[in-house]
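A.B. asks: One-letter residues, chain by chain:
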Amino acid sequence: MQAVRAVVIVGGGTAGWLTAGIIAARHQARMKAGGLSVTLIESPDIRIIGVGEGTWPTMRASLERMGVSETELFRQCDAAFKQGGKFARWTTGAEDDAYYHPLMVPQGFSQLNLVPHWVREGGARSFCDFVTPQGRLCDEGLAPKTITHGEYRGLANYSYHLDAGKFAPFLARHCTEKLGVRHVLADVVQVNQHQSGDIESVLTRQAGEIFGDLFIDCSGFSALLIGKTLGVGFKECGDVLFCDTALATQVPFDAPDAPMASQTISTAQEAGWVWDICLPTRRGVGYVYSSRHQSEESARETLRRYIGPGHQELPVRKIPIRAGHRATFWKRNCVAVGLASGFLEPLESSAIVLVELSAKLLAEQMPACREVMDIVARRFNEVTMYRFGRIVDFLKLHYVLTKRTDTAFWRDNVDPATVPERLRDLLTLWKYQSPWFFDEFDRLEEVFPAASYQYVLYGMGFQTRVVPEDTADGQMLASRLVRQNERLTDEMCTRLPKNRELLTKIHEHGLQSI
Amino acid sequence: MTQIVPLNKDAHRSLKVDGRASAAYGDNRHFVQVIVNEFAQLVVRYPILFSKHPGTGRLYCGAMLGFDEGENLFLEEWRQRESYRPLALQRMPFYAHGPEIGIDLDHPRVGAESGQPLFDRAGRPSRYLQGIIWAFQDLGPGIETTNAFIARLLELKLIEPIDIEVELDDGTRHQCAGLYTINQDILAKLPDAVVVELFRRGYLMLIHFMIASLKQLPLLAHRKNSRLLEATSHVAGLRT
Chain W
1 MQAVRAVVIV GGGTAGWLTA GIIAARHQAR MKAGGLSVTL IESPDIRIIG VGEGTWPTMR
61 ASLERMGVSE TELFRQCDAA FKQGGKFARW TTGAEDDAYY HPLMVPQGFS QLNLVPHWVR
121 EGGARSFCDF VTPQGRLCDE GLAPKTITHG EYRGLANYSY HLDAGKFAPF LARHCTEKLG
181 VRHVLADVVQ VNQHQSGDIE SVLTRQAGEI FGDLFIDCSG FSALLIGKTL GVGFKECGDV
241 LFCDTALATQ VPFDAPDAPM ASQTISTAQE AGWVWDICLP TRRGVGYVYS SRHQSEESAR
301 ETLRRYIGPG HQELPVRKIP IRAGHRATFW KRNCVAVGLA SGFLEPLESS AIVLVELSAK
361 LLAEQMPACR EVMDIVARRF NEVTMYRFGR IVDFLKLHYV LTKRTDTAFW RDNVDPATVP
421 ERLRDLLTLW KYQSPWFFDE FDRLEEVFPA ASYQYVLYGM GFQTRVVPED TADGQMLASR
481 LVRQNERLTD EMCTRLPKNR ELLTKIHEHG LQSI
Chain S
1 MTQIVPLNKD AHRSLKVDGR ASAAYGDNRH FVQVIVNEFA QLVVRYPILF SKHPGTGRLY
61 CGAMLGFDEG ENLFLEEWRQ RESYRPLALQ RMPFYAHGPE IGIDLDHPRV GAESGQPLFD
121 RAGRPSRYLQ GIIWAFQDLG PGIETTNAFI ARLLELKLIE PIDIEVELDD GTRHQCAGLY
181 TINQDILAKL PDAVVVELFR RGYLMLIHFM IASLKQLPLL AHRKNSRLLE ATSHVAGLRT
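Residue numbers (my numbering), protein chains in the order written: chain W, 1 to 514; chain S, 1 to 240.
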């Protein structure tokens, strides 16, 4: 038996450190007993891409399990609350066209599907307001918790917006000081393989040869191990998701106490969309667009127009987006996590959550020895392929439901030839029934559960035919849930402080550990 | 409004202050902050729990006096001086003002006809004021000791939320949220060295006071039930 004792992670961005932390936290006992080591090799000069500034609520559980203090996360990573996404001008392109994809599931989601009841009511209220308080909380600029809620607890579900450039070093400190991860600052100059094809070691310029039993490729777009060494191909998704370029910048607040939105605002433009994310210190703003549909010069103008006057001289970084993923993610004794495994436009902040899910799967299924590794690898590949597929579908859903015809970008997006077959089928099905349980999204850890599809579908005016008789049985329960939601909305709006106000308090007083 | 000025034996020579327990003067509180120095006196009457300061989220120790906002089930006993009244209320309307004692001149207790003098003719503190001075000698260091006690308990994960739900005789249910107590499971599993440390610092006794004080919860509910009974008796005309 060839035991797995040394895990070597190549690359030290968000993906590398999150993976290191999640694995190390899960295997502390073995690490302390000397049965497992986790080493992370990070190049001293490669700049991290730091694409992900938005996370999913899974991050709370991941960080709590790693033993990270939430107070320190807020203080050291310029973190802020995120309560969902607001999508502006995606449906008609009109000034007041907007909907929410909040992080709270609809009231009583596990008991009853409220969609048919909302349809029957005639849609006087938005679907979001009908089923959850969170849209209102975002509209009113409220935080998801109060200063008396302990770390990682809250009234409303939430995740974080954070400065990825600070998040990786923050995790690095925690992983090395608290979780026993070995940090090697060195450049990998050569990858050595066994005759079998397995990776045996990596040779570094500054720290010599580093051996491992399992290698995790977190080297970003360069895909040093999975791509360059093991030759795993890349599956492009550009025919479905057209955006291939991002122009990113940072916008200062007019005043240090300016109100902060706790939702990621995504505003559709002529050939893509602009993200707008509030951190306590600045806004992160960027334009993701299709270079086939708009020139760079024109795209820069779109971004400038969005930001408005007064900020003309902001430096803009251009980031290429190659939409797609590896043909396989775990080959031999090497697993790709993060950008090395693939990248899709950040419309639903799927990058970091995918890292967490992959790392968690890896940590839970850590193969005991080389002999069983291929079995675990097959499962990992199947699940990760499924997840990428579902993310592509879910992102495409935002485009395919548009009624905009003002530019070729939007017209091309609804061309059935660009819609994955599975999504086409679902859209046909959903004309007659709405996504809920018993739909396809029944995996234990779906990236986007049925609730997310509901918010986007009915936020964008999708029509599901409802047979009145079908809602009769659940009518009583539905009325109760709707009333509950109204009560909860009022209560939360009264109790919750403003987003900025709470963040200031957290910096001043900290959050309690309980 | 508050107007806190340092206490001065010349300026305040003839000032009278009513220090007695009264709902009108602000004793109508169902939960009041306490310090560890008071635990021994509190434990025979009140549940001692932790709560969080609404403005900062910080934990503090408090004595529970009632179930509803503004409900103090001990007011009558305080008036008769039959039960211990926590320092945080005893000391009103006086505040710490740097190293000195300050007085809130806008407090309704101040200048009341029914009040007691603060100084005698020679300018020496009256018995009432002397009591206040002693209270502050306890309060200042007591708050720091209490904070250190709480910080150590948090480190050891010895504090956990407690759900208090009481059903009263009139059928109403009262839920008290936002309260915390000692986690006895974790306490039982503490390593010997930590137990000795807690004992030497005097914390172990405080921990046991807090655990024992939970037995005051049913007594507090009983107190509330007796009130309800009195109220209904009045309505029914059984008492004159």
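Simulated from the structure, these hints should not be mistaken for laboratory data. Every residue gets a Cβ at the ideal spot worked out from N, C-alpha and C, and that includes glycine. A hint or two may mislead.
To be verified - Covered by chain W, according to a simulated footprint, are these stretches of chain S (three or more residues, beta-carbon under 8 Å):
#1 52-61
#2 152-162
Unchecked claim - The list that follows gives simulated cross-link-like pairs (lysine to any residue, SDA-like), each with its CA atoms no further than 25 Å apart:
#3 W/K505 x S/R152
#4 W/K505 x W/G154
#5 S/K52 x W/I514
A.B. asks: Please go over all the hints and tell whether each is borne out by the structure.
C.D. replies: Cross-check of the supplied hints:
1. 52-61: holds (count 8)
2. 152-162: holds (count 5)
3. W/K505 x S/R152: 23 Å, holds
4. W/K505 x W/G154: 15 Å, holds
5. S/K52 x W/I514: 10 Å, holds
When each numbered hint is compared with the structure, no violation occurs for any of them.
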